[in-house]
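J.: Residue-level listing of the chains:
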Amino acid sequence: MTPLIELNSITRLYGTVIGVNDITLTLPPGAYGLLGPNGAGKSTLLNLMTGQLSPTLGTVQVLGHAPRNNPKYLSRIGYLPASEGLYSNVSAIDWVSYLVELQGFGRRGARTIASESLERVGMTEHMHRNIAEYSRGMRQRTRLAQAIAHRPEFLILDEPFNGLDPIARHQMTELLRRWIEEGHSLILASHVLHEIESITRSFLLVCGGRLLASGSIEDIDELLADVPSEMRIRTGTPHELASVLMQEELVDRAEIGEDGAVVVATRTAVRVYQFLTDSAAAGRFEVTEIHSSDESLQGVFDSLMKLHRGEL
Amino acid sequence: MNAIRGVSAVFRFEWKRSFSVPRMVWWFLLTSFPPALFGMIRLLIDRPSAGSSGADAMEFTIPIGVTILCPGVVCIMGVFLWATPAITSELQGQSWVYLAVRPHGATSVLLGKYLVAATWTLPAGLIASALSVLILAPEDPGRLVWVQWRLVLLSCLSYAAVFTLIGVVFTRRTLAVGICYVIFVEVFLSMIPAVVNSFTIQFRLRCLFVRWMGWNEPGFSDMPMAQPFQAYFGNESDWWHLGMLLGTTAALLVAATLILGRRQFTTSAETDA
Chain A
889 MTPLIELNSI
899 TRLYGTVIGV
909 NDITLTLPPG
919 AYGLLGPNGA
929 GKSTLLNLMT
939 GQLSPTLGTV
949 QVLGHAPRNN
959 PKYLSRIGYL
969 PASEGLYSNV
979 SAIDWVSYLV
989 ELQGFGRRGA
999 RTIASESLER
1009 VGMTEHMHRN
1019 IAEYSRGMRQ
1029 RTRLAQAIAH
1039 RPEFLILDEP
1049 FNGLDPIARH
1059 QMTELLRRWI
1069 EEGHSLILAS
1079 HVLHEIESIT
1089 RSFLLVCGGR
1099 LLASGSIEDI
1109 DELLADVPSE
1119 MRIRTGTPHE
1129 LASVLMQEEL
1139 VDRAEIGEDG
1149 AVVVATRTAV
1159 RVYQFLTDSA
1169 AAGRFEVTEI
1179 HSSDESLQGV
1189 FDSLMKLHRG
1199 EL
Chain B
156 MNAIRGVSAV
166 FRFEWKRSFS
176 VPRMVWWFLL
186 TSFPPALFGM
196 IRLLIDRPSA
206 GSSGADAMEF
216 TIPIGVTILC
226 PGVVCIMGVF
236 LWATPAITSE
246 LQGQSWVYLA
256 VRPHGATSVL
266 LGKYLVAATW
276 TLPAGLIASA
286 LSVLILAPED
296 PGRLVWVQWR
306 LVLLSCLSYA
316 AVFTLIGVVF
326 TRRTLAVGIC
336 YVIFVEVFLS
346 MIPAVVNSFT
356 IQFRLRCLFV
366 RWMGWNEPGF
376 SDMPMAQPFQ
386 AYFGNESDWW
396 HLGMLLGTTA
406 ALLVAATLIL
416 GRRQFTTSAE
426 TDA
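Which chain is which? The protein sequence lines are A and B, in order. For the first sequence, the numbering used here gives the first residue as 889, with consecutive numbering after it. For the second sequence, the numbering used here gives the first residue as 156, with consecutive numbering after it.
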């Protein structure tokens, strides 16, 4: 089977700035989340996949094609960019029909296809109104309609949930789930973990232009199993708590932060949570706040970056 | 086939978009400017009596005036404002990415917008020159209108190609570069009586204008008023100049297409990478 994506030691430089740094990857057809903080290199990777950029070093193959200036390849993909870029004085049906025509369809056929696609994203009622009158959610749905209208084999989405309210997010999630269920491939870039988690369990984690990890959430958890995670615990008796946590060998390191909170590094976060719950129940320590910085995606990335550099 | 379909789609879409109030106002101003100016001149200046030296001079000044304003100012301004920002407007509006990821998308947009620039300006030039000739009422209005219309068509096609190329090469300060090009190349360089002026569009248009007006023919060419046009008489035929002009236009479009195909624009900032 032809791999969906085949990246071979690709590096992309913007002058002296590295956008993507020596990434090698082969993925079979399927649904993937491309996860990374802002500026991680996600959009650069997607630009390489859509053929808008060519790699400075290495080779890119998607669906068995080199993407750059390749009409055959471009007829097989759909792309939703992160930037909005809609014409204000045009209706959704005119705009999507126009883009479908550029995909190689005839005028009438394009109109029908565009109409069906807009119906699919729930825009039938509004498709004859000017885009300038649309809400953010409606614009996002219109943008998605242009990406899926021509029934591409591979959908490339860059931050599709940006600016959507909870209802619109749910609708978008459902739509993408259906897309996957129909057997299509997609790659979805986001800097928010749960957005991707709601659609696929396969991740690519990028940070600093590098591919830090790939696989399922369980694979990444396993990778981070031995990596100490950091917790901040706010209590009225920080010194006592820090001392007990060290004595009980629940933490590798404990210190008192500038704000008076206990900052600990632990490889057994679950045991620490259990200890704190039991202690609070027994009235031993009064814990007012627990915050695990590693719960945030940035924490995961920081840990992975350290792991990548051999610092952990 | 897909590329032709793409060009046709862009052409129709952009034409439809052009029916906006600001663009229609601009088109109307462009079209009415030469007739309005010539109308005021007619009102303010008395026409010299037939057979006087003034009347002979009018035989040259009327066609020159119409040529400067219609195939010149109207066509240049019209295609300049359409063709020069063809790509940069898409980049700045961040809409380029939707077009660039379509098969032959970039080429379709380039050529489609080129055709829109030329065909949007063409009626303005045709109407402006016809009305101007009607107002100025020269001796042979039919001939002058026919000459002007051919020049308007050529001017629209060739200048649109020049500005399209400028728009592809300079994605920043595009309009400023376009204005500099018009001033330094099409105005100053085309005036220099040396081989260098043959590289300008203006030179070819002037050569065709002089020939189609018959000013290089005996009887006209020896008149004192025809002397400034000696530089455009040359030995080349009309077809040579026509071929050069259309050949240059095609070459400019091919160059623009090739350059655009090599350029890489990122989606984040939509700037050249």
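Hints in this document: simulated from the structure, not taken from any laboratory. Just so it is clear, CB atoms sit at the ideal spot from N, CA and C, and this is done for glycine as well. Each hint should be verified, as a subset may be incorrect.
[As the list claims (entries may be wrong)] Derived CB-CB ranges, DEER-like:
id, chain 1, residue 1, chain 2, residue 2, range
1, B, Ser173, A, Tyr902, 43 to 51 Å
2, A, Arg996, B, Phe354, 40 to 48 Å
3, A, His1016, B, Leu184, 30 to 38 Å
4, A, Asn1050, B, Ala349, 57 to 65 Å
5, A, Pro959, B, Val351, 24 to 32 Å
6, B, Val332, A, Thr899, 28 to 36 Å
7, A, Glu1143, B, Gly248, 35 to 43 Å
J.: Take the hints in turn and mark each one as holding or not.
T.: Right, here's what the structure says about each hint:
Remark: the range hint 43 to 51 Å for B/Ser173 to A/Tyr902 is contradicted by a beta-carbon distance near 35 Å. One distance hint, 40 to 48 Å for the beta-carbon pair A/Arg996 and B/Phe354, holds here, with the actual separation near 46 Å. A/His1016 and B/Leu184 have their C-beta atoms about 31 Å apart, which keeps the hinted 30 to 38 Å range intact. With their beta carbons about 58 Å apart, A/Asn1050 and B/Ala349 fall inside the hinted range of 57 to 65 Å.
With their beta carbons about 40 Å apart, A/Pro959 and B/Val351 fall outside the hinted range of 24 to 32 Å. Between B/Val332 and A/Thr899, the C-beta spacing of about 33 Å keeps the proposed range 28 to 36 Å intact. Look at A/Glu1143 against B/Gly248: about 52 Å separates their beta carbons, and that is not inside 35 to 43 Å.
The earlier numbered hints that this structure contradicts are 1, 5, 7.
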